[in-house]
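S.K.: So you can see what is in the structure, the chains are spelled out below.
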Amino acid sequence: AQSVTQLGSHVSVSEGALVLLRCNYSSSVPPYLFWYVQYPNQGLQLLLKYTSAATLVKGINGFEAEFKKSETSFHLTKPSAHMSDAAEYFCAVSEGGGSNYKLTFGKGTLLTVNP
Amino acid sequence: DGGITQSPKYLFRKEGQNVTLSCEQNLNHDAMYWYRQDPGQGLRLIYYSQIVNDFQKGDIAEGYSVSREKKESFPLTVTSAQKNPTAFYLCASRLGGNTGELFFGEGSRLTVL
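As given, the protein sequences belong to chains H and E, one line each in that order. Each number in our numbering comes from the position in the first sequence (counting from 1) with 25 added on. Each number in our numbering comes from the position in the second sequence (counting from 1) with 356 added on.
Chain H with its partners taken away, still in its complex shape (with noise of 0.2 Å):
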């Protein structure tokens, strides 16, 4: 089974400097890889997803992610941090295919952007 590691359950920045979240995965086959924000009492929403094509993905918001295979991770990152971007961020990767297809997540991390 695949497992997702997010170091840091909770990591603070201020406004206007860069932010970082990490994810390692554990899949020897790279799998596909999501990164998803949910805002308090809200569904998650999709930020941005790495399917095989080009390794540094660019998603909405400003935020862009790097797939390094050699390092088995998916860190997340924005040059700079606004306040509407506090909020929990969570890294997904996929398992099985056809009808067993499923997103396994990170325990998430809690993001705090201070004026």
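Keep in mind the hints are simulated off the structure, nothing from the lab. It cannot be assumed that every hint is accurate.
[Said to hold, decoys possible] If you want the ones that stay clear, here's a sample from chain E, every Cβ over 12 Å from chain H, calculated:
(1) GLN373
(2) ASN374
(3) VAL375
(4) SER378
(5) GLN393
(6) ARG400
(7) GLN406
(8) LYS427
(9) SER429
(10) PRO431
[Said to hold, decoys possible] Below, a sample of chain E positions facing chain H; criterion: calculated Cβ distance under 7 Å:
(11) PRO395
(12) GLY398
(13) LEU401
(14) LEU446
(15) ASN454
(16) LEU458
[To be verified] Derived coverage of chain E by chain H (criterion: at least 3 residues anywhere in the stretch with Cβ under 8 Å from a Cβ of chain H; other residues may be distant):
(17) 407-413
(18) 459-467
Glycine included, each C-beta is placed from N, C-alpha and C at the ideal position.
Since chain H is already given, all that's left is putting chain E on it; use the hints.
M.R.: Positioned in the frame of chain H, the structure of chain E alone reads:
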């Protein structure tokens, strides 16, 4: 607008009662999923279904049941056998095939008193 509708948004029940959470999608997606979210534990998969009249257990299926009688509907029943039912429940759907992201509903928060 196409999307996933979960109801109710908030639900309170007494211990020992069964509860059914509704999930409807009008995206014409083949696959549907139920996840449970607890603080600090991320999302854990309860059940999923790729086609009508077929579904698979996820990692934490005990104490839950589902049905998939229609493509657009995937209700989840939290039974009295579920030891810790209080949680935020998220339904999701996916177009189908061997790839693709999940699209999520707004969630249902169940509190068992």
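S.K.: For GLN406 of chain E, is the shortest beta carbon distance to chain H beyond 12 Å?
M.R.: Violated, since 4 Å does not exceed 12 Å.
S.K.: Hold the hint about ASN454 of chain E up to the distance rule: shortest CB distance to chain H must be less than 7 Å.
M.R.: 4 Å, holds
S.K.: Three or more residues of the region 459-467 of chain E near chain H by CB distance under 8 Å?
M.R.: Holds: 6 residues of the region 459-467 of chain E have a Cβ under 8 Å from chain H.
S.K.: Per the stated criterion, does the least C-beta distance between LYS427 of chain E and chain H lie above 12 Å, as a non-interface residue requires?
M.R.: Given that every Cβ of chain H is farther than 12 Å from that of LYS427 of chain E, nearest at about 15 Å, it holds.
S.K.: Does ARG400 of chain E sit more than 12 Å from chain H, CB to CB?
M.R.: 8 Å, violated
S.K.: With chain H as the partner, please determine if PRO395 of chain E meets the hint condition of a C-beta pair closer than 7 Å.
M.R.: Because about 9 Å separates PRO395 of chain E from the closest Cβ in chain H, which is outside the 7 Å limit, the hint is violated.
S.K.: Over 12 Å to the closest beta carbon of chain H is the bar; see if ASN374 of chain E clears it.
M.R.: Non-interface label on ASN374 of chain E holds, nearest chain H Cβ at 24 Å vs cutoff 12 Å.
S.K.: The output says GLN373 of chain E does not contact chain H. Does that hold with a beta carbon cutoff of 12 Å?
M.R.: Nearest chain H Cβ is 23 Å from GLN373 of chain E, so the label holds.
S.K.: Taking 12 Å as the cut and beta carbons as the points, is SER429 of chain E off the interface with chain H?
M.R.: 17 Å, holds
S.K.: Take the shortest C-beta to C-beta distance between GLY398 of chain E and chain H; is it under 7 Å?
M.R.: 4 Å, holds
S.K.: Does LEU446 of chain E hold up as a contact with chain H if the rule is Cβ-Cβ below 7 Å?
M.R.: Holds: closest Cβ of chain H sits about 6 Å from LEU446 of chain E, inside 7 Å.
S.K.: Would you say GLN393 of chain E is clear of chain H, with no C-beta pair closer than or equal to 12 Å?
M.R.: Violated: least Cβ distance 9 Å, not greater than 12 Å.
Figure legend: structure checked against the earlier numbered hints; hints not met, in rising order: 5, 6, 7 and 11.
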